[in-house]
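Line by line, the protein sequences are chains A and B. The opening position of the first sequence corresponds to residue 9 in my numbering, with each subsequent residue numbered one higher. The opening position of the second sequence corresponds to residue 9 in my numbering, with each subsequent residue numbered one higher.
Hint data in this document are derived by calculation from the structure and do not stem from the laboratory. Computed from a predicted structure; not experimentally measured. Mixed in with the good hints there might be a few duds.
Since the list can't tell identical chains apart, any single copy or any two copies may satisfy a pair.
Said to hold, decoys possible - Pairs of lysine to aspartate or glutamate residues, derived as EDC-like cross-links and limited to a Cα-Cα distance of at most 20 Å, are as follows:
id, residue 1, residue 2
1, K45, D167
2, K38, E78
3, K38, E173
4, K38, D26
5, K38, D94
6, K45, D169
7, K45, D35
8, K45, E73
9, K38, D168
10, K38, D198
Number of protein chains: 2
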Amino acid sequence: MSDTMNSAANPAVRNGVDTATLFATLDAVKGNPEIAKFQFRATNTWISGTHNRSTIHGFYGAMQEMEHREARSFDADHPAVLVGSDNGPTPVEFLLHALAACLTAGIANIAAARGVNLTSVSSTVEGDIDLMGILGLDRTGTVRNGFQEIRATFTLAGDDDGQLEQVVRQSMARSAVFDVLTNGVPVSIDVATAAA
Amino acid sequence: MSDTMNSAANPAVRNGVDTATLFATLDAVKGNPEIAKFQFRATNTWISGTHNRSTIHGFYGAMQEMEHREARSFDADHPAVLVGSDNGPTPVEFLLHALAACLTAGIANIAAARGVNLTSVSSTVEGDIDLMGILGLDRTGTVRNGFQEIRATFTLAGDDDGQLEQVVRQSMARSAVFDVLTNGVPVSIDVATAAA
């Protein structure tokens, strides 16, 4: 998204991306890096068994408290085969959604910044997991709790076929979720308890 | 979930967890580790700009192709301040949801296995991100693309206050999402392109 552009090559909106506002935003951040400091949040409430629900609404950014247009809630659960009630996807499936969504958003932005018109972007993401890990049944010490590997396949069509793969590679190089999933992130957890 | 239990201490259902089925599942997996090999999937389609949608339905597990009770779709987008149309949470917010959901599901299962009755579990998860990274504006080489840190706070109430914190710690120790986020996972991406 930092590519140098000229207005002749860039209409105001390309791929549904408001490139004029995008470049104005980049200029604003260059002028005041405090604008770029964001904090995102989710709150979760247990419902029953492995079924629980997160709500996503407020966040901090551009030096102020902000809110999404509406509060949105997402259920998660385990399927019956994993002794849940299947009231939502499993938590790990949301990681796959997050990866696909982040790379796709980046593809649209980067293609727009580079003057490439996209006609379609689709992807499938799959992750392998051996539940011997989370079930505490691995006696070999070799089975991790999480995904062993994630694989994604992207299919793109656009008016500059020769640039499309590079757009995906640049999206990977600038994706927040790809970074977190491949490199990990420090996670700290506090616990407050009370007798019922 | 590998705690040794006896049936007297465990009613069939505790915390909404079918403990009898849970222990039977553990026994089945012990008898045939192939049952534990799962693959989860998401498919994503670009809509416009940073707006895209994932669908989660089929998965592989217990040595067969399976499906969730229904196909479920989730939109992701960037908010207006990040030059999107705010048709859904940002991709990184789904990572926070996944973490809260995975730890909460584990808390319910582990508490049930240990004979602890829960009355409430809630959590807030927040992640700090400096967008100088993904915007390609960091010239110091020190700003990553993803979250710099994730912090969660869990609040639990139950009938055995003294055990609740240990239940959370055990959930962290056996959480698929906590493992992926803290340790990272190999991600490979294939790209197929076509002229429009």
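Results for each hint:
no.	hint	in the structure
1	K45 <-> D167	neither (35 Å within a copy, 41 Å between copies)
2	K38 <-> E78	neither (29 Å within a copy, 46 Å between copies)
3	K38 <-> E173	neither (28 Å within a copy, 44 Å between copies)
4	K38 <-> D26	within (18 Å within a copy, 55 Å between copies)
5	K38 <-> D94	neither (46 Å within a copy, 23 Å between copies)
6	K45 <-> D169	neither (35 Å within a copy, 38 Å between copies)
7	K45 <-> D35	within (15 Å within a copy, 49 Å between copies)
8	K45 <-> E73	within (12 Å within a copy, 43 Å between copies)
9	K38 <-> D168	neither (30 Å within a copy, 53 Å between copies)
10	K38 <-> D198	neither (35 Å within a copy, 33 Å between copies)
Hint compliance for this structure: hints 1, 2, 3, 5, 6, 9, 10 are not met, and every other hint is.
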